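Novice: Kindly produce the complete structure, drawing on both the sequences and the hints.
Number of protein chains: 4
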Amino acid sequence: MNPTPVAILGATGMVGQRMVALLADHPVFQIAAVAASQRSAGKTYAEASNWVLEGQAPADVGAMVVRGCDPQEMPGGVKIALSALDAAVAGPIEDAFRAAGWAIVTNASPHRHDPDVPLIVPEVNPDHLSLIDRQGPGYIVANPNCCAIPLSLALAPLHEKWGVEAVCVSTWQAVSGAGYPGESAWDMVGSVHPHAGAEEEKLALEPLKILGGSSEAATFPISARCVRVPVADGHLLSVQVRLTGSPTAAEVSEVMTAWQGNGPDLSTCPRPPLAITTRRHRPSPRHDIGAGGGMTITIGRIEDCAVMGVKFFALGHNTIRGAAGAAIANAELLLAMGRVPP
Amino acid sequence: MNPTPVAILGATGMVGQRMVALLADHPVFQIAAVAASQRSAGKTYAEASNWVLEGQAPADVGAMVVRGCDPQEMPGGVKIALSALDAAVAGPIEDAFRAAGWAIVTNASPHRHDPDVPLIVPEVNPDHLSLIDRQGPGYIVANPNCCAIPLSLALAPLHEKWGVEAVCVSTWQAVSGAGYPGESAWDMVGSVHPHAGAEEEKLALEPLKILGGSSEAATFPISARCVRVPVADGHLLSVQVRLTGSPTAAEVSEVMTAWQGNGPDLSTCPRPPLAITTRRHRPSPRHDIGAGGGMTITIGRIEDCAVMGVKFFALGHNTIRGAAGAAIANAELLLAMGRVPP
Amino acid sequence: MNPTPVAILGATGMVGQRMVALLADHPVFQIAAVAASQRSAGKTYAEASNWVLEGQAPADVGAMVVRGCDPQEMPGGVKIALSALDAAVAGPIEDAFRAAGWAIVTNASPHRHDPDVPLIVPEVNPDHLSLIDRQGPGYIVANPNCCAIPLSLALAPLHEKWGVEAVCVSTWQAVSGAGYPGESAWDMVGSVHPHAGAEEEKLALEPLKILGGSSEAATFPISARCVRVPVADGHLLSVQVRLTGSPTAAEVSEVMTAWQGNGPDLSTCPRPPLAITTRRHRPSPRHDIGAGGGMTITIGRIEDCAVMGVKFFALGHNTIRGAAGAAIANAELLLAMGRVPP
Amino acid sequence: MNPTPVAILGATGMVGQRMVALLADHPVFQIAAVAASQRSAGKTYAEASNWVLEGQAPADVGAMVVRGCDPQEMPGGVKIALSALDAAVAGPIEDAFRAAGWAIVTNASPHRHDPDVPLIVPEVNPDHLSLIDRQGPGYIVANPNCCAIPLSLALAPLHEKWGVEAVCVSTWQAVSGAGYPGESAWDMVGSVHPHAGAEEEKLALEPLKILGGSSEAATFPISARCVRVPVADGHLLSVQVRLTGSPTAAEVSEVMTAWQGNGPDLSTCPRPPLAITTRRHRPSPRHDIGAGGGMTITIGRIEDCAVMGVKFFALGHNTIRGAAGAAIANAELLLAMGRVPP
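Chains as they are written, first to last, in my numbering: chain A, 1 to 342; chain B, 1 to 342; chain C, 1 to 342; chain D, 1 to 342.
For the record, the hints were derived by calculation from the structure and aren't laboratory data.
The structure displayed is predicted, hence computed values, not measured ones.
Don't be surprised by glycine CBs; every beta carbon is placed ideally from N, CA and C.
There may be inaccurate statements among the hints.
Said to hold, decoys possible - Which residues of chain C face chain D? A partial, calculated answer using Cβ under 10 Å:
{"id": "1", "residue": "Pro-137"}
{"id": "2", "residue": "Arg-228"}
{"id": "3", "residue": "Gly-234"}
Specialist: Next up, the structure:
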C-alpha cells in the first residue's frame, strides 16, 4: 500500500518536531512537506528547526526546504495537513487550507469550539467525526488541549458507565506544554507556579464537548487548578470526581481496567488506552510517560474520596498523547473511516 | 529580662537545624541544650549535625556537646523542650520528659491526636491551650503537619465567618518535608510523584481538630491529594472549598485580607498571618517562601469554583511555618500565657 | 550625611532589579531615578519590572515612573548612574551619559576592553581607577563578567604572592546569568549544556586586564569551559592553576585565608573577601551563595593538582557579587576615592 | 543458536536493574538467575527490586525468585555472572565465584587494580583480556568507573595517534551515578556540589590502566574535578588535553570522527564509538544520552586550548555505557573470544 503524503504546518515548533519524530517510521503516513513561518521558509528543516528533541532531526526531513503556510506552496497530491501552529496564527491559515479543500487535523485551539469542528479523542468520541459533513469542501478536525486529553480518556469509561456529575482536577504540568523556548528556566529551577494562561478554562470546557453528543456538550462542572512544575515532559493530574450512583473506588478501578475504548484500531493508539498501576508513589512523569510509546494514560491511586466519591491520578505524555500523537491518531481515524480527501 | 533556656530534642535533623537557626537571635529563648540519638550524643553539634541548611551552624551551638534524649541528661534550670524528633521515636521520649515535669512543644506526630494534647496554630486556636490542664505534672503541646498548618490558617477566617462544609486540596510539596536525606534525588530530578506516606490522611484529619472546639473536632470532609515536587522548601496548596452561604471569591478575598488572627502577639508570628497576592502566576515557592521570615502564608488566585464555590492557592515555608517556626511560636504562646513551668 | 542620589539604567532587567533590591537600604546611595527601554518608559516601576526576584519591588521604587535612558530625562542633581543595560544597547547609551558629564558604573560588557576604561574588582585593582583621568568630562568604570569576578578574586592573592602562569577553569553556571527570561526551562530541566555564548572568551580575557597593571594586561593563558546548570543563582568554578615556584595546596590555602584584599573599606564588600570551607562536598550554590550578603567568594577543596600544581573550587553569587553588587561596590569605591562628579 | 545463560549479582540495585533491562531482549544472553543480598533473597524480583527505572521489571524476570550471592545457590549450567554488586561487598563474593570456576564480569571497583584482572573497554583494549590466563580456574574481568569509560573512549584515538601527555578533566555527573537512593534530593534540587567520594581519584587512575599495555599502565597525569548535578542520567565531561606533537583541534576532530575502535564487533557496541556534534550548546544529557542505545559517546566543541592544546566535551550514559552496558559488552567480548567457561 502506498503511504499517504501529509504536510506539517508549524513544523519547526516543539509539537511540530514531535510530529516529525513520530512520523519518521509511520506505517501509513509520509511527510511530504514541512511548513512554518516566513522566518523559516526557504531554509532547510534542519537549519530552521534548531531541533530541540532528543538527538537530531531525521536526515530526510532535515534536508527538506521549509515552505510557507499557504496551500499554494504545497506540493501536488497532498491533501491532508497536520497543524502544530501557534494559536495566535493558526485560525486564518487553517481556514485557508480548508477553503482549498484540505483536511486539516489540528492541535491548535482556535477552531476547537466551532460547532461544526469535531473535537476528537479517537478512543472516546470517534462518532463526532460526522460533524465534518457540515464543513466543506475541506474540513478541520481538532484534538483537545494537552490536559483535556488525559482527563477525557480517564473520565470516558466512568461517564459511559455511570455518568459524571462534577470534577475537581489539579495538574502538575511539564514545561514542554509551553512550547519552546516557553517557560523561563529562572521561574522553573527548584520552583513551581500557577499556570499563567487559560489552561484552567480549557480544562473546564473541552472535556464537555468530547464527552457530550456530537451536537450538544455535556454539562457537568469541572473546576481546574493548573500548576507548572520543573518536569520536561508529562502532565500529572489529580482527579476527584462525583459519579451518578456513587460507585466505589474498587468498581471504578474495575471499569477503568476493562475499558478498551471506542472506534477502530489505530496504529498509534494502544489498547487498552489506560494502564492501571498499584504502586503507591506512581504514576510519575519520568518513570511512566513512555508507556505505550507515549500514548497510554497511566492511572494510579484510585481511592474513595470523602468529598467527591472517587479520586485518582492520571498521567500522560503531553506532547505525544496530548498533542502530536493526538493529531496523528486523528489523522489515522480519518483514514480508517475513509475520510481523507482524494 | 533574662532569656528562657530551652532544650532541643532531635536537634541534628533538618527541622532541629531550623530550630537552631531560628533561635540563634531569638528575643526570649536561648538554646541551653541540644539532644539527639545515641549515635550523635557526645559529639559536638557541629560534627553531629552535618549542617544541611545555608551556611554553617551558629558557632556557639556548634560547639555544644550533643546530649542523649533523656530528661536526666538535661542541664538544671531548663524546663521547656522543643521536639523535632522523628515520629518513630518521639512518643516515648516525649512521654518521659512530660513525666519529669517538662513542657514539651513538639513538631512530631505521635501525640497530635491525644485528646488531652492541644494541636495548636497560635493565630487559629490559642484557646485549645487549656487542654494542658488535663495533663500533668508536665504537658505536651503539638503543632500540626507541615501541610495542615497552611491549610488551617487559610481556612480559619472562612470557618470563623461562614463555616467550612467541605474541602478538596492538592499539594505541591517540597523535598525538605521528608527531612534529610529524605527523598532520593533520582526520584525528584525532573519528576514529581504522589506522596508515598500518610500525608493525605493527616491533611484530612488535623485541620478538623484545630478548627473545632477544644474538646470536639470539626466534622467537614477534606479530600487531599499530596504530590512531592523538586522544590527545596515551600509547600504550595490548591484549596477548593464549600462554605455555608456560598460567598463569592470577592467576599472571601476581603475576609482573608482583613483577618488578623487570634490570641496574643508573638514575636515569631507576623500580623496579618495571610498575605494576598494578585499576580496570576503566584505564589511560587522560590519567590514567596521568605514572606514574614517564612511565617506568612501567601494566598493567591482567589476565584469562584464551579464545583465547590471558591478556590485559591496557599503557600507556606514547610520547615519554618510548617515545623520549626510553628513549634517556636507555640512555645512563645506558652510563655505569653504564663504556662512555662517554673 | 546626605545620601548620594543615583540613577539605574536598565533597571527593569534581572540585574537592574538586584541593584534596586541592594540599594533599598543602602547606607550612602539612594535611588533617584530608574530608566529602561522605551517599552517601559512612562509606566510605574512596579508595572514595568514584573518583579522576578523574591517578594516584590520595594514600595517606594515600585511607585517611581520609569524614564527613558537619556541624560536629558534624568532629574537634576544626579550625576552617577549604575548601568545594568543589555550589552546590545549599552554602548551608545553609556557614551551619551559620559559625554554629558556623568560617572557611569557599568555591568555591561561593551566598554570593558576600552583602554581608558578601568575594569575593576575593588579588592583587587582599585588603583586602576586612575584610568578615568584619561576620560572626560564624564567617565565609565566597568566591572567584569559574572565568572571573571570570582576567578579574579580567587587568583588575586596567588598572583600577588607567586604569579599565575596558566589556568584551566570550568564552570557550573546558574541560569540567572542569562537574565530574564534567559534560558529556556526545556533546556534546563534535568539537564546541563555547554554555554552557547562568548562566556569562555570573556573568562579568558577579563582577568588579564584586572590582574595586570593599569596600562598593560597580564599575559598568562586561561582556558575556560563554561556550562549552564539548573541552579537559580550561584556560579561554581573549578580552577586548576600553575603558579610560579609551585607552592603546595597547603601554602595556597594559607595565603587565600589570610588575604584581606586591597583598597579602602567599602560597605558592600566584606573582609576577608574569600571564605575557605573544608567540607568535602562544598561549596554548593544553594548552601553557600548567601555568604557575606552574596559578596563573599567561598573557596573549597584546595588540593594539589597533578597537572597544574594546585586546584580548588570557588563559588560566588552571580547577580550580586558577579553583577549588581559588583557595580555598587565600584560606585562605593568612586565615592571613597572622591571621584563622584559634583 | 542457544542463548548463553547468565546470572546477575546485585540484580536489585540501579545498575542491576539496568542489566536486567538491557538483557530483556539480548541476542545471545539470557538471564538464568538474579541474586542479591539476604534481605532480598527469597522474594520475587518484582517485589525485591522496587523497580526504579522506566516502566516496570520485565514480567519474566519479575517472577524469578531472588537468590543469595553464593555460587552454591546458582542453577546448574550457568558459568558466567554479571556483577553489579556494591563495592562494599563485591570483593569476597566475586572471589568466591571465581574460585568456583566462574567468569565474573564486574562493574564493581574492588578488583579493578588487581594486576591479573583486566580492566576493559572493549573498543579500546580488548587485548588486555589475555590477563585472565593468569587467573584460574575462574576469572574476573572488570569495567572501569562511569566517568573513566567515556574519558578512555575519547582519549583512545588520540593516544593511539599522538600520545596523551596530560589531562585536565571536569565532570557534570548525574545522580544515578550514586545508585538508589543515592544522593539526597535536598542536596540536588536547584544545586550542584563537589563529589564527596573518591571519583576524582578513580578518574585519575583507571584510564592509565586501560590506555596502557596489558602489564604496565600509562603514566601521564590526569587531574579531575568531579561535580554532581541535578541530572537523572548522563555524565558530561570537559577534557583539556596535551598531546605529543600538539595537533590542532581540527586534526583531533578528524581523528575522533574516523576512529572505529578496536576488537571484534559486539552487538551492544555501535561503530563508530564516538559521535561528533557541531552544535555549540551540545552535547547535553537529556538530549544526547540515548545515542547508540546509550552506548555511543557524543563529543562536542572540539577547540584549541590555550593551556593544554586541545579541549572538548564528552557525554555518555553513565548507567548504560558507564556501567551495565559496559559489563554486558565485556561479556560479549568474552563470548566473541571464546573465553566463556564451558
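Novice: Hints first: check each against the structure and report whether it holds.
Specialist: Hints, verified against the model:
{"no.": "1", "hint": "Pro-137", "result": "39 Å, violated"}
{"no.": "2", "hint": "Arg-228", "result": "8 Å, holds"}
{"no.": "3", "hint": "Gly-234", "result": "8 Å, holds"}
Comparing the model with each earlier hint shows a violation of hint 1 alone; every other hint is respected.
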